[in-house]
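Asker: Between the sequences and the hints, there should be enough to build the whole structure, so can you do that?
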Amino acid sequence: MGKVFAFHGGIHPPQNKQQSTGLAIQPGPVPKTVRLPVQQHIGAPAQPLVTVGQRVLKGQLIAEPGGRLSVAIHASVSGTVTAVGMMQVAHSSGMDALCIEIENDRLDEWVPHAGLEDFRSLNSNDLADFIRGKGVAGMGGAGFPTDVKLHVGDHHIINTLVINAAECEPYITADDMLMRERADQVIAGIGVICHMLKPSHVMIGIEDNKPQAIRALQQAALGNRHNIDVVVVPTKYPSGGEKQLIKLLTGVEVPSGGIPADVGIVCQNVGTAVAIHRAVAHGEPLISRVVTMTGDALARPHNMEVAIGTPFVDLLDQANLKENQLARLVVGGPMMGFTVNDDELPITKTTNCLIAATWEEMPEANPAQSCIRCGQCEQACPVELLPQQLHWFAKGREFDKAKNHNLFDCIECGACSYVCPSEIPLVQYYRFAKAEIRKEEAETRKADHAKKRFEARVARQEAEVAEKEARRKQRAEAAVKAQAVKKDKLEADAAKPAVTADAAAPVTDIKALKTAAAVTRTKLRQVEKALKNAENKGLEGVETLTQTVATLQTKADAAQQAYDEALNPAAAAPAPVLDLKQLKTNAAVARTKLRQAEKALAKAQDSGEGDIAALQARLTEQQAKTELAQAAYDTAESGEAAPAVAPAISAEQLAELKADWDAAQAKVAKAQAALDTAIANESPAAEKMKAGVAKLQAKADEAKKAYDDAASPVTAAAAPAISAEQLAELQADVDGMTAKVSKAQAALDTAIANESPAAEKMTAGVAKLQARLDEAVQALQAAGGAVAEPVVEPEPELDLKALKQQVSIMRTKLRKVEKAVEAAEESGEDTSELVADQAQLQQRFEAAKAQFDAEEAALVARAAEEGVDLKQLKIDAAMARAAVTKAERALAKVTEPDDQQEKLAQALEAAKQKAEQLNSTLSRFE
Amino acid sequence: MALIRVTSPHVHKANRTADVMRLVLLATLPALLAMTFFFGWGTLINVIWASLLAVGMEAAIIRLRKRPVMFYLRDYSAVVTAILLALALPPFAPWWLTLVGVFVAIVIAKHLYGGLGQNPFNPAMVAYALLLVSFPVMMTRWNMPTVLLDNGALGLFDSIAVIFGGLEPAQIDQFTGATPLDAFKHRGGLTSEEAWRQIDVLANGIGAWHAVSAAYVMGGIFLLNRKVFTWHIPLAMLAAMTVPSILLFGFDPDSYADPFFHLTAGGTMMGAFFIATDPVTAASSNKGKLFYGAGIGLLIFVIRSWGNYPDAVAFAVLLMNLAAPFIDLYTQPRSYGHTQAKRGLKGDS
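If you're matching them up, the sequences are chains A and B in order.
Counting with the numbering used here, you get residues 22 to 947 for the letters of the first sequence.
Counting with the numbering used here, you get residues 4 to 352 for the letters of the second sequence.
Derived by calculation from the structure, the hints in this document are not laboratory data.
Fair warning: there could be bad hints in the mix.
What the hints assert, rightly or not - Computed footprint of chain A on chain B, listed as stretches where at least three residues anywhere in the stretch have a Cβ under 8 Å from a Cβ of chain A:
#	stretch
1	6–17
2	20–32
3	119–127
4	331–341
What the hints assert, rightly or not - Dumping the calculated DSS-like pairs for lysine-lysine here, alpha-carbon to alpha-carbon at most 30 Å:
#	chain 1	residue 1	chain 2	residue 2
5	A	38	B	16
6	A	726	A	837
7	A	614	A	720
8	A	455	B	290
9	A	455	B	345
10	B	230	A	416
11	B	230	A	508
12	B	16	A	424
13	A	550	A	510
14	A	895	A	907
15	B	188	A	416
16	A	422	B	230
17	A	422	B	188
18	B	345	A	924
19	B	290	A	343
20	A	424	B	69
21	B	188	A	424
Glycine residues also receive a C-beta, built at the ideal position from the N, C-alpha and C atoms.
Answerer: Dropping the structure here:
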């Protein structure tokens with residue numbers, strides 16, 4: 022006998038156990054069908070192996086474990102699988118779960134099965150696998166996969182096996198009866214567990230309210246080779262809680278968040294021990310269990326051995342349910358069980374009790390009163406928490422505080438709720454708080470995950486950018502090197518012909534020549550300065566200096582000449598190889614220098630200081646140089662480079678140009694929009710903005726021109742090479758544009774119909790879109806694609822209307838610009854830009870007008886072809902409309918109902934008909 | 004099937020707030036009897052008057068708060084508050100004093116804070132402290148215990164007349180008394196020994212106070228036995244009073260009262276078993292209750308010995324009410340499976 026320790030708290034609810042112990046364990050009802058949920062345990066659900074219509078035998082595996090922490094499911098009867106799908110199961114939330122339904126053929130035909138002849142010959146690994154194959158799960162309540170518990174691994178050394186026989190919940194007697202009747206099986210099961218875990222001590226914890234079971238166990242354990250102690254503990258709820266029982270028997274506490282194996286203990290329920298024994302000794306999988314049927318609504322409460330999956334109703338029938346007295350059906354014990362509202366639900370491996378309670382037995386709870394902090398919950402809590410504090414925290418949604426007050430150590434035993442004088446459903450509050458915290462944590466985890474992913478992505482992108490940058494740099498370096506090589510080569514090439522051409526200077530290096538020329542020039546300048554100084558101050562030796570200058574001048578000229586000579590043949594010779602770009606750069610540099618010189622000169626002139634003459638000379642020189650450079654560039658470009666380069670313009674460059682153009686256009690559009698707004702608001706900045714827009718437009722035009730220039734020869738040259746794909750792309754462009762135009766047009770029409778002030782803007786937009794469409798069509802045509810019919814032939818009416826609108830818009834714009842010009846002239850501002858604008862607009866307006874006129878003329882012509890004079894038709898229609906109005910008025914005036922009215926009505930009708938006819942004819946042309 | 008669907012547990016202990024309150028009421032009976040026996044009908048009249056007022060006010064304020072009146076009235080908490088207050092008042096306190104006290108207790112100290120369970124301060128003690136500060140003359144004018152009176156106590160009707168204004172209490176000889184604590188405190192230049200011999204209420208009347216204290220202890224033990232509260236607060240409080248009084252009495256018996264006097268005269272026993280144990284306003288964990296009770300005991304001793312007031316249960320309790328939430332934070336029990344108890348708001352261990 023071991024010493025019994027104590028755990029904090031606990032309660033003594035009425036036992037209510039004697040009702041169901043009057044009868045021995047009875048065989049359960051024979052169900053018509055069984056419903057087997059694939060998840061009757063903690064962990065992952067099992068995976069069904071059977072299909073509807075398949076015949077299965079009793080004990081046949083119908084669902085295999087879906088993971089390490091999972092349990093196999095076996096058929097509990099022989100018969101036919103009738104359904105595999107979501108069905109309601111016995112769960113506190115009343116949820117559906119995947120179930121396998123088997124119709125019982127009542128043949129009770131077993132699958133061949135056999136136990137192990139000597140389980141001791143197997144090592145614990147194989148034995149655990151064997152037990153796993155028999156679908157054994159903890160039968161005390163939670164349904165933890167037994168094999169997992171029995172195979173704790175090397176990092177846990179088990180010295181104590183605790184067998185939970187406490188059965189502390191009131192009403193339940195399933196374990197009690199099992200022990201009374203099958204104590205030997207319990208002990209045999211313990212033998213198997215001992216073989217696997219090799220504990221030094223086995224303790225069976227049993228409450229002192231089961232004297233018969235205690236005696237039976239003691240007798241069965243007599244002479245057992247294992248060190249088995251039957252430890253009787255005082256009856257106190259919840260001594261059967263795993264952690265509480267361990268504390269009671271060993272004085273050791275399982276660490277918070279840990280498992281008993283952490284302190285060298287494994288705990289198994291007596292029912293599980295029996296199941297293990299039956300699996301090992303007879304090869305029987307776990308397909309039945311003992312269920313306590315009790316409660317005042319049953320006439321014959323007792324324990325029965327029931328096939329897993331049997332519906333509750335069969336059990337209730339067998340226990341003679343007094344249906345009219347049933348008020349509450351509890352699955353499990355009264356402290357931790359849950360209620361169900363459906364008696365078709367199935368018994369599972371963890372269903373140890375059904376309480377069919379009457380109203381008087383379990384009356385509905387009174388409404389909860391205020392917590393008076395009486396602290397009785399605290400005295401009752403077996404985990405020594407502060408239940409009332411937790412309740413306040415849960416109520417106030419202060420989940421952090423609840424967590425800090427060890428909320429997650431709560432075992433939800435219900436002792437606090439039981440004692441609460443205010444009848445507050447405390448456990449419910451804790452469940453809520455736990456669920457909320459878990460949800461929060463899941464969300465946090467998700468967010469963290471997302472954050473990590475995002476950071477990884479950013480890092481990846483950065484790496485990519487860096488890599489690109491590195492590659493770009495590398496390329497640039499390579500290019501520079503290549504250029505340098507090229508230059509060297511160039512120079513070498515230049516030097517070679519110089520060598521061959523000019524034998525007098527066989528070793529002359531252009532560079533050297535250049536340096537020599539520069540040096541002479543510098544010297545010359547120095548001397549010039551000195552000379553000037555001397556002259557100014559009237560010093561002596563002016564003449565000498567003058568001479569020196571003259572000599573130097575000659576020398577410098579000679580050097581320059583030599584250099585030029587060396588350079589010129591060099592430049593002439595490599596011309597075909599000369600880079601056009603280089604020439605262009607040269608020209609640009611020359612131009613810049615020229616400008617600088619000009620500036621310097623102007624400055625000198627202004628201030629009247631410095632050597633104006635020298636500057637003038639330099640300027641002239643520079644001018645000449647610039648002209649030379651420009652000329653060289655021009656010749657190179659027009660002469661040999663242009664034809665050579667033009668075809669070489671790559672598609673990429675073209676695309677770049679196009680992008681430039683697009684960007685410019687976008688800028689213009691943006692600026693235009695801003696300008697429009699400004700004008701609409703009569704902003705004073707409008708004028709300036711207008712100028713800006715004009716500039717941008719000019720730039721855009723330039724870009725377009727550049728693009729066109731570049732593109733035209735290419736497209737012309739490449740036209741035959743344009744692939745079908747490109748054509749399709751263009752076609753798609755055109756189509757898209759057409760759709761856009763028609764959409765915009767429709768919107769515009771509506772706007773006009775509603776006299777919306779936005780109509781004008783929209784018109785402009787439509788015109789723009791139309792222009793783009795035209796462009797696209799042109800591009801397509803240029804590419805050689807057949808422009809689709811609908812594009813070529815926009816509806817004439819629509820076109821005419823659009824044209825008309827365009828014309829009017831142009832007119833309006835033109836007028837605006839005219840006004841602006843006038844205003845500018847009056848105020849004496851620079852009007853050149855505005856005038857240019859005006860001219861442009863004028864042009865556009867005229868073009869639009871011309872187009873419109875042409876269209877209209879064509880229309881008239883077409884009408885004439887059909888023998889209709891459109892003008893006349895229009896007039897007729899108008900007159901007919903007028904006649905209708907007149908007739909209507911006349912009819913309204915006549916009040917007496919006589920012939921005249923009738924006549925008038927007829928006339929009106931006739932007029933209306935005529936008007937309609939004319940209108941319809943007219944509408945054909947408009 | 005129309006079955007009840009509720010969460011566990013499905014059974015409940017036959018134990019309701021009203022039962023707890025009724026037990027407390029029952030436990031006050033010995034003290035009420037003793038008071039009535041030694042100090043006349045006044046206490047009984049006060050208790051009934053205060054109870055009526057409390058029920059009326061509670062009903063009114065619950066109605067004002069739009070709550071189900073009967074549901075809350077049935078918890079007896081208002082009556083408990085009223086009776087505890089009435090027992091603490093002088094037996095012949097005028098009717099309006101009780102009225103003001105009950106109003107403060109029920110309306111202000113209890114319902115303005117949210118009703119039962121929400122009040123941070125003991126309602127009866129808030130009322131008592133307010134009355135003591137506002138009406139010190141009436142609150143300290145106790146009548147002589149009957150053991151000191153030659154012509155016996157006042158009759159029932161005379162008592163009613165005194166309380167409800169029919170008779171001027173000052174004219175009656177027997178209302179000139181003071182409590183033993185008061186007498187001891189204001190003994191002038193007398194030493195303890197002289198005071199014990201010369202002051203009537205100390206020399207002869209102390210027996211009545213002893214009897215009343217004994218009655219409270221009886222009630223308290225009954226409640227302890229019925230597990231209405233735990234031993235932690237009363238024991239800690241009495242111990243915290245006794246230890247310093249032993250020390251100081253041993254050091255200077257002329258200046259300080261003896262421990263027995265501290266325990267039995269005045270409101271000590273009532274405070275220890277009926278006031279400090281009010282769960283709503285006390286610390287909640289067992290360890291916390293020890294600190295809480297000890298704090299009250301120590302404060303009572305300090306105020307009695309060196310303060311201005313002869314008795315100090317109300318002030319000590321109110322001060323410790325303030326400290327209770329703080330105590331709770333730092334006295335969490337060590338939960339199962341934890342090596343250390345958590346402390347403080349963030350659960351530092």
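Asker: Where does the structure disagree with the numbered hints, that is, which hint numbers, in rising order?
Answerer: Hint check: 11, 13, 15, 17, 18, 19, 20, 21 fail, others pass.
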